[in-house]
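Asker: Fit chain to chain and form the complex, with the hints in mind.
Quick note, the sequences are listed as chains A and B, same order.
10 is the number of the first residue of the first sequence in our numbering; add one for each residue after it.
18 is the number of the first residue of the second sequence in our numbering; add one for each residue after it.
Covered stretches of chain A, as calculated for chain B (at least 3 residues, CB under 8 Å):
(1) 41 to 48
(2) 66 to 77
(3) 152 to 165
(4) 185 to 196
Hints are computed from structural coordinates only; laboratory data are not their basis.
As the structure is a computational prediction, the values presented were derived from the model and not from experiment.
Don't be surprised by glycine CBs; every beta carbon is placed ideally from N, CA and C.
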Amino acid sequence: MNKKAFTLIEIAVVCLIVSILFHGMFKLLQLALNRFSYHESHISMTWEAGRLCSYLHQDFEDAFIPDITQTGLSSVNFSEDSFSLPHGSSNTVYKFDKTAGQVQRITSEKTADIGKGLIKEFSAVPEVQYSNGEIKPFATIADNDEPNVVPQRIWVKIHLLLEPQTQKQPKTLQEFNFYAFPVRLNRQLQSIWKPE
Amino acid sequence: MKSVSAAGRRKAYSLVEVLISLLIFGAALIPVFHLISQSTVLTRFSKESVIASNLANELANQICSMRFAEVPVVGGVPLSNEADNAMLQEGKPGTRLRLTPMPERFIRELTIENFSPRSKVIKAVVAWGNDPEHRVTITRIFDWAP
Numbered sequence: 010m011n012k013k014a015f016t017l018i019e020i021a022v023v024c025l026i027v028s029i030l031f032h033g034m035f036k037l038l039q040l041a042l043n044r045f046s047y048h049e050s051h052i053s054m055t056w057e058a059g060r061l062c063s064y065l066h067q068d069f070e071d072a073f074i075p076d077i078t079q080t081g082l083s084s085v086n087f088s089e090d091s092f093s094l095p096h097g098s099s100n101t102v103y104k105f106d107k108t109a110g111q112v113q114r115i116t117s118e119k120t121a122d123i124g125k126g127l128i129k130e131f132s133a134v135p136e137v138q139y140s141n142g143e144i145k146p147f148a149t150i151a152d153n154d155e156p157n158v159v160p161q162r163i164w165v166k167i168h169l170l171l172e173p174q175t176q177k178q179p180k181t182l183q184e185f186n187f188y189a190f191p192v193r194l195n196r197q198l199q200s201i202w203k204p205e
Numbered sequence: 018m019k020s021v022s023a024a025g026r027r028k029a030y031s032l033v034e035v036l037i038s039l040l041i042f043g044a045a046l047i048p049v050f051h052l053i054s055q056s057t058v059l060t061r062f063s064k065e066s067v068i069a070s071n072l073a074n075e076l077a078n079q080i081c082s083m084r085f086a087e088v089p090v091v092g093g094v095p096l097s098n099e100a101d102n103a104m105l106q107e108g109k110p111g112t113r114l115r116l117t118p119m120p121e122r123f124i125r126e127l128t129i130e131n132f133s134p135r136s137k138v139i140k141a142v143v144a145w146g147n148d149p150e151h152r153v154t155i156t157r158i159f160d161w162a163p
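Isolated chain B (complex conformation) (with noise of 0.2 Å):
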């Protein structure tokens, strides 16, 4: 049998060499792909703090611009989008609810508590994502005037 000499033998990259190579390759590609990841759910979650600011925002004002005597104490409410139209208390059509379509994975929900015989506390809270992960509260307080 014919021995092949060290000077004779042809170098070449083994398995291993390349493997190693292709994964130091695509472990530096890494952070490029995940700087893109977190560009996408930067634009969306900017875009829902603006719509879940709006809401919240669009509750706790229309609440504020009923008659104080007409709006109820609730708790922790859950107003779905079928709520549109709906009166916060039976027989007022002061308390008509004006409420803007959520998009999907919102919810809404509404609290008023007293704070004192002349004062009402608003608190509309628009929550959104898986658990959900992200909440915008508006607190308002809302007074009796003449």
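Chain A on its own, in the form it takes in the complex (with noise of 0.2 Å):
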């Protein structure tokens, strides 16, 4: 009886063919994976990069010192990595750790760390606009000595930038930047000087 049976040259074809279309599958499956596990590293960090945003227009929003006539604008502080905000009695602090690539809301109550590892550059930049216009740095507030000049509106301008935690490149780093304007505490100078 005349058996059939596959030739030593068909069956290597057909394993280079089966090897070609499982190295193509395994490739394209982690093609896949890696480029889920780059965008869930991505949208982790400008999840909390929303947070931390959020915090932040929040306790600009809410700023504001109960005794201004008394004390003026010293308990708001700005240094190259932290600034302070007055809320009421208390303080809202922000600290950046740039060695821990993350950011510190320190209030009375709690602490909370900020984008733990992803936070690669964070500032704000406080400035000041007086009654004559004149838009300056908030320093300036110290040595301002012009008679009838006094602070209308501050804002400080926050800079953050943010690298994901992944070995995976391309590694895309993700940049915010805007104003955040202290609706209260604006409200309260303006309160105290009115224009003619």
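Answerer: Given below as structure tokens:
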């Protein structure tokens, strides 16, 4: 009986084709998995950025000094890697820890670590607009001795740069820039001084 | 002429069979490609949402930081990147706008309406995408204060 079977060449060709197909499939699934984890790390990074921005907007909006006529803006402090916003009797402090790559939001009740290992740069540059319309750095307030020229509006330029926690390349950095306005504080400033 | 018997006929796949199998294989890969493209869209959308939310908050909060009497009533004014440093009301430096530059395909609009003699409604809209397909709206009631 003439038994049918595959020849060695046929088996070799089939093996080659199957291995090419499997290799292609494996590469494709690997690519999908890589892209998925890449996007996952970017989305979680954006989520942290959104969380920080949301805290900042809210804290700036609510900042106020109960006895502003007595103390002025002395409880509003900005330094290179931290700043503090007055909220009545307590302050909310934002501190950038470059080594840990995070921003700490410290209130009288709790401390929250935001963006752990993700934040590469964080800065808050305050500016002040005086009653004569001039815009100057916030630090000029202490030296301002012009008569009838008082701070009318302050705002802070926030810069945030995040880097994803992934070894996969390319790493896309995300940058967020915006101005934050302390609404209540500005209205307090304006209530002290009224234009003629 | 020599005829080929059924036993001697060599079995092989036809072109149609090969094409169908390739089609099935290709169809099975569609969800994988869809997953990749969807995650790209989602990543971009989440970033753009945060940017839009920041821009809208920035606009609404700075209007509320101005003097009530100096804030004019405006209807759907588009504010491009060039509007940075412009005054909302001519001759009133207290209404000078500070605007962060928007990325491409973003638009920003401001509406201020009288709500009552002592309050205004501030509406800051930031939209983006084609048409545009997405938008963030921040609405604030701006009260007169002594």
